[in-house]
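J.: Going down the list, the sequences are from chains A and B. The first sequence begins at 817 in the numbering used here and counts up one residue at a time. The second sequence begins at 817 in the numbering used here and counts up one residue at a time.
Wrong hints could be hidden among the right ones.
Copies of the same chain look alike in the list, so a pair counts if it works inside one copy or between any two.
[Claimed, not checked] No more than 25 Å apart at the CA atoms, straight line, and that leaves these computed lysine-lysine pairs for BS3-like:
1. 841 <-> 896
2. 849 <-> 896
3. 898 <-> 846
Source of the hints: derived by calculation from the structure; they are not laboratory data.
2 protein chains.
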Amino acid sequence: MNFILFIGLIAGFLTTVAYVPEVHKILTTKDTKGISLLWLMILLTGVFLWFIYGLGIYSLPLILANGISLSLIIIMLILKLKFH
Amino acid sequence: MNFILFIGLIAGFLTTVAYVPEVHKILTTKDTKGISLLWLMILLTGVFLWFIYGLGIYSLPLILANGISLSLIIIMLILKLKFH
Numbered sequence: 817m818n819f820i821l822f823i824g825l826i827a828g829f830l831t832t833v834a835y836v837p838e839v840h841k842i843l844t845t846k847d848t849k850g851i852s853l854l855w856l857m858i859l860l861t862g863v864f865l866w867f868i869y870g871l872g873i874y875s876l877p878l879i880l881a882n883g884i885s886l887s888l889i890i891i892m893l894i895l896k897l898k899f900h
Numbered sequence: 817m818n819f820i821l822f823i824g825l826i827a828g829f830l831t832t833v834a835y836v837p838e839v840h841k842i843l844t845t846k847d848t849k850g851i852s853l854l855w856l857m858i859l860l861t862g863v864f865l866w867f868i869y870g871l872g873i874y875s876l877p878l879i880l881a882n883g884i885s886l887s888l889i890i891i892m893l894i895l896k897l898k899f900h
């Protein structure tokens, strides 16, 4: 594996992991007041477009990180709609 | 400009904009209890590595978005250390 690909994979791991506390907080407290629907929609669209961009430039780190982040954001969105 | 570059720039704009409410909230309320130092450090490292990865693969959207996000995260970090 080349070095820059490795850097990208670590980057993707860290920024994806950064979503976990938020998902965990919502799951344990069932409180989604701190998260706005508009913010979730902006994030969902942004991360989806990063995923498409990753496919377009054949970037494995972008595809992996944004694919997993997308799943986490969809979980937050479902919980937001369910608990609100 | 090619289409995939355009997708990347829109993606970067949206995920960067997603940080703004958090920075604004900290600036107006001066309350940083909701943000953990560990989370900020993980995000800072992740976004910094995305920036390096962007330089490594010559990706303008990654360089721009993560460069600006990095500044916003550093602002949050300074405010966290200042108001805590």
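J.: Now, for every hint given, state plainly whether the structure supports it.
T.: Now for the hints, and whether the structure bears them out:
| no. | hint | result |
| --- | --- | --- |
| 1 | 841 <-> 896 | both (12 Å within a copy, 20 Å between copies) |
| 2 | 849 <-> 896 | both (8 Å within a copy, 22 Å between copies) |
| 3 | 898 <-> 846 | within (9 Å within a copy, 31 Å between copies) |
Hint check: no violations occur; every hint is consistent with the structure.
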